[in-house]
Amino acid sequence: MIPRIIKDLLKIKKLDVSLGIFLGLVLLSLLGPMIYPVDPLSVVGPPERPPSSAYPLGTDNRGRDVLAQLIGGIKNSLYIGVIAALISLGIGVVIGAISGYKGGLTDSSLMLMTDVVLVLPSILIMMLVAAYLKERNPIFVSIIIGVTSWPWVARAVRAQMMSLKAREFVYMSRIAGLRDIRIIVEDLLPNMASYIFMAFVLLMSGAMIAEAGLSMIGLGVTKGISLGIILYWAQLFESVRRGLWWWFMPPGACLVALASSLLLMSTALDEYFSPRLKGG
Amino acid sequence: MPILETKGVKAYYSTPLGYVRAVDGIDLALEKGIILGLAGESGCGKSTLVNTLMMNVRPPLRFIEGTIILDGKEISSMNRSTLKKNVWGVLVSLVPQSALNALMPTQRITDLVKDVVTHHMNVSEQEVISMAKKRFEQLNLEADALYRYPHELSGGMKQRVVIAISTLLNPKLLIVDEPTSALDVSTQKQVLKMLVDLKRAKIIESMIFVTHDIAVLRQIADWIAIMYAGKIVESGPTNDMLINPKHPYTFSLVNAVVTPEPEVKSRGLISLSGEPPNLLNPPKGCRFNPRCPNAMEVCRSKEPPLEEKSNRLVACHLVSS
Amino acid sequence: MNPFIRFITRRLAFLLMTFFIFLLIIFALPRAIPGNPLASLLYQIIQQAQSNPDLVKAVYKKLLEEFGMDKPIHIQLIEFLGRLSRGDFGTSIAFYPRKVTDLVFSYLPWSLGLLIPATLTSWVLGNLLGALAAYKRKTATDNFLLTVFLTLSQTPYYWLAMILLYVFAVIIKVFPLSGAYSPGKMPALSIPFVLDMLHHYALPFSSIIIGAMGGWAIGMRVMVIYELGSDYVSYVDSLGLPDRKILQYVFKNSMLPQITGLAINLGTILGGALITELVFSYPGTGFLIFRALSTLDYPLIQGTFVLIISTLLLANFIVDLIYAFIDPRIKTGYIGE
Numbered sequence: 002m003i004p005r006i007i008k009d010l011l012k013i014k015k016l017d018v019s020l021g022i023f024l025g026l027v028l029l030s031l032l033g034p035m036i037y038p039v040d041p042l043s044v045v046g047p048p049e050r051p052p053s054s055a056y057p058l059g060t061d062n063r064g065r066d067v068l069a070q071l072i073g074g075i076k077n078s079l080y081i082g083v084i085a086a087l088i089s090l091g092i093g094v095v096i097g098a099i100s101g102y103k104g105g106l107t108d109s110s111l112m113l114m115t116d117v118v119l120v121l122p123s124i125l126i127m128m129l130v131a132a133y134l135k136e137r138n139p140i141f142v143s144i145i146i147g148v149t150s151w152p153w154v155a156r157a158v159r160a161q162m163m164s165l166k167a168r169e170f171v172y173m174s175r176i177a178g179l180r181d182i183r184i185i186v187e188d189l190l191p192n193m194a195s196y197i198f199m200a201f202v203l204l205m206s207g208a209m210i211a212e213a214g215l216s217m218i219g220l221g222v223t224k225g226i227s228l229g230i231i232l233y234w235a236q237l238f239e240s241v242r243r244g245l246w247w248w249f250m251p252p253g254a255c256l257v258a259l260a261s262s263l264l265l266m267s268t269a270l271d272e273y274f275s276p277r278l279k280g281g
Numbered sequence: 029m030p031i032l033e034t035k036g037v038k039a040y041y042s043t044p045l046g047y048v049r050a051v052d053g054i055d056l057a058l059e060k061g062i063i064l065g066l067a068g069e070s071g072c073g074k075s076t077l078v079n080t081l082m083m084n085v086r087p088p089l090r091f092i093e094g095t096i097i098l099d100g101k102e103i104s105s106m107n108r109s110t111l112k113k114n115v116w117g118v119l120v121s122l123v124p125q126s127a128l129n130a131l132m133p134t135q136r137i138t139d140l141v142k143d144v145v146t147h148h149m150n151v152s153e154q155e156v157i158s159m160a161k162k163r164f165e166q167l168n169l170e171a172d173a174l175y176r177y178p179h180e181l182s183g184g185m186k187q188r189v190v191i192a193i194s195t196l197l198n199p200k201l202l203i204v205d206e207p208t209s210a211l212d213v214s215t216q217k218q219v220l221k222m223l224v225d226l227k228r229a230k231i232i233e234s235m236i237f238v239t240h241d242i243a244v245l246r247q248i249a250d251w252i253a254i255m256y257a258g259k260i261v262e263s264g265p266t267n268d269m270l271i272n273p274k275h276p277y278t279f280s281l282v283n284a285v286v287t288p289e290p291e292v293k294s295r296g297l298i299s300l301s302g303e304p305p306n307l308l309n310p311p312k313g314c315r316f317n318p319r320c321p322n323a324m325e326v327c328r329s330k331e332p333p334l335e336e337k338s339n340r341l342v343a344c345h346l347v348s349s
Numbered sequence: 010m011n012p013f014i015r016f017i018t019r020r021l022a023f024l025l026m027t028f029f030i031f032l033l034i035i036f037a038l039p040r041a042i043p044g045n046p047l048a049s050l051l052y053q054i055i056q057q058a059q060s061n062p063d064l065v066k067a068v069y070k071k072l073l074e075e076f077g078m079d080k081p082i083h084i085q086l087i088e089f090l091g092r093l094s095r096g097d098f099g100t101s102i103a104f105y106p107r108k109v110t111d112l113v114f115s116y117l118p119w120s121l122g123l124l125i126p127a128t129l130t131s132w133v134l135g136n137l138l139g140a141l142a143a144y145k146r147k148t149a150t151d152n153f154l155l156t157v158f159l160t161l162s163q164t165p166y167y168w169l170a171m172i173l174l175y176v177f178a179v180i181i182k183v184f185p186l187s188g189a190y191s192p193g194k195m196p197a198l199s200i201p202f203v204l205d206m207l208h209h210y211a212l213p214f215s216s217i218i219i220g221a222m223g224g225w226a227i228g229m230r231v232m233v234i235y236e237l238g239s240d241y242v243s244y245v246d247s248l249g250l251p252d253r254k255i256l257q258y259v260f261k262n263s264m265l266p267q268i269t270g271l272a273i274n275l276g277t278i279l280g281g282a283l284i285t286e287l288v289f290s291y292p293g294t295g296f297l298i299f300r301a302l303s304t305l306d307y308p309l310i311q312g313t314f315v316l317i318i319s320t321l322l323l324a325n326f327i328v329d330l331i332y333a334f335i336d337p338r339i340k341t342g343y344i345g346e
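Protein chains in written order, with my numbering: chain A, 2 to 281; chain B, 29 to 349; chain C, 10 to 346.
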């Protein structure tokens, strides 16, 4: 039986549309290689050809298939997005939870650290670290992104924690003598589950865009392909000036579609869980 | 002529599950110079009623039908901009339930006062300030408070400041919605004293005072109207109502509170069981029948009309018979 | 102590501390990498200046001296900080023999000229449009605007730049393809030059504002909707205050968090704008950073990053000052969360 909450959520139009777009693209990346088994990185035809029946999205300046690149690129961008989001989520939730629950000196010092990371622009820090690494595999890139994007999550989790902490059921657990960690994990975090999920969605969206940004300067993954890397090559080989619109438009459009659908999902979930925002 | 007269006023909340009948057929006549206490349990529709009485109706609340005549003018047929220009603040003012939050945190009291008064009256800013100062002094409020930001004032101060501001344009009717609910006892006394002073100094002629606390009504109301599930079930002079309540609901309300009057004290404390009905689907017949200790067969099928009985208005089959 | 001064001092201390932490990061990074970075750098230099062994020797000497790679770590740090305080960031390798400070200051003005107006314009426009959407909430206009803002907020400026460039410089050739001014011209304060510059300025400027606007609009819309439902709004409404005046109040209250938002987002806008410069070959710090990073020009990397971050922190401070002036709660010492 489908739990009631899932049924309710599926009734929300915004959620259906965004989920549809997002899952559609995910499916494309997963099934793509089977339906369209072209190697994104090898030369398959004449260079700089516009879309045709042979090459649905044309070829790039070396003669590689753009559609194949897109499919592979979406998959890698998603992969890095998920890993980076998980890392940020982990760091942010842990720091926010401890900070909000413990209060006092622990709170002040953790928040101070959070503020410092918040002020320093993550893209610049990412660029700095990435530049000094010779080999950058997807995990490294995810770590770099993950480790700089967590401050807002920590702050938000802390705020939620502080308001939940004062509730009765927590008080009961404390009187019962349960250890702090247990209280945090069993009582408090489950109540923030919806929020944590939304944070994950937002983090993922941000991470994919961050990866694209890094790749645009040539600091993305050293081997392989991603939406950002396609854009990097497109930019490097002057696709705009040469009018090769099929090369730079699709990857950007996919990136925007993925990120926007994730954001829309998060907004829809937010409206569902806190109805006041619906603007009545 | 009564200052406020309503006939068959209905206002419902439009929700996905249907209409919530918060105000369901109210006939009211408030004479000039009276303080009317409107009482009832939380959720019976009191706040909705007083907002509707001045036609402050915004979605999801909808004004369904009825007439409201305020100071001889039929406000139930006016549109929002006419109401804002000629009625609200000038003829009738509402001191909201959340008066503590009614003041904008980033604005000094003086600025609020200036904006409100200059919109309605053609006076200079200095005149406004001196008007406000005079009014504050009349009501035993430090004129200093005018120059403060809301967060610099205490809860009780804020409440009294909001009441004072609501009287600045000298409305004929002042509606005060639960002014004492969020305050401690000594501050409550200050606020009540201020309201009594308003009447005594003839600043305000008529008042409607909404509360769920019967004990407070003794101190201030001339006339009490009891509301239950969107309808008025009994109304009459304060003392009579408290000593000799006729409607079973009034009876239980009065007896749930400790009062010094010996006649009431002798009856002891009686509490009412059950809960107020869901206004989406109110019970058939008399809405009080599920909880009424004296419910009869007819109560479950026919709604009792609000009738005059000696010096009261009562809606009860038991009383009518 | 005056609460206003207390607030400012606290913020200043925080920003200075952040700056120092960043300096430490910048200092530690090249030195923390396994393997001899200098050796690999040298190899690169040799590759670039194959024909000129003297040049290579000169660069190597300069590098050694400025980076002090042969001295113990704490001496390196002291020298580093000392040199920084004198404003000496060393000599660039990729642009040898130009000094880093010299390079940065010749490229920085172009970036600032793009960034500052673009940030401010997008902020103002975004807030206005957001308020409009909130005022018309739940209507078709609102839904449409919301979708547009949502998508825009997730659109990278540089991709937007590519699209604009393609449409307006390749298909309809109304704007130039690259650069801050036409090649061959010398920067001067003459009308023709300024016009030419503005002509080149249009597309980069537009990409940034269109891209940044969305985020502001969404935030403002939420704030205004929230404020419109607040108790003080219903109160003044019931006192007969006209809608126009109420919107003024609401706008003012919604702006405060948006100013804070500006401070927080400055870094993100900066990053996006820098990458956008690449698309336009705009001669700003974006171009400089790109060059520095791809050639591992340590002095240049150090210099550009430190200068950019200090500008950013300064901007943060200015925004804090403005906020402190505007929010009466700070002046009266109200401490709340």
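Hints are supplied without guarantee of correctness; some may be wrong.
Claimed, not checked - Derived pair list, reagent style BS3-like, types lysine-lysine, alpha-carbon separation capped at 27 Å: (1) B:60 x B:38; (2) A:8 x C:147; (3) C:80 x A:135; (4) B:161 x C:254; (5) C:194 x C:182; (6) A:135 x C:70; (7) A:135 x C:182; (8) B:217 x B:200; (9) B:113 x C:194; (10) B:230 x B:274.
No lab work stands behind these hints: they were computed from the structure.
All figures in this text were calculated on a predicted structure; none of them were measured in a lab.
Do the hints match the structure? See the list:
{"no.": "1", "hint": "B:60 x B:38", "in the structure": "24 Å, holds"}
{"no.": "2", "hint": "A:8 x C:147", "in the structure": "24 Å, holds"}
{"no.": "3", "hint": "C:80 x A:135", "in the structure": "25 Å, holds"}
{"no.": "4", "hint": "B:161 x C:254", "in the structure": "24 Å, holds"}
{"no.": "5", "hint": "C:194 x C:182", "in the structure": "20 Å, holds"}
{"no.": "6", "hint": "A:135 x C:70", "in the structure": "25 Å, holds"}
{"no.": "7", "hint": "A:135 x C:182", "in the structure": "41 Å, violated"}
{"no.": "8", "hint": "B:217 x B:200", "in the structure": "24 Å, holds"}
{"no.": "9", "hint": "B:113 x C:194", "in the structure": "63 Å, violated"}
{"no.": "10", "hint": "B:230 x B:274", "in the structure": "33 Å, violated"}
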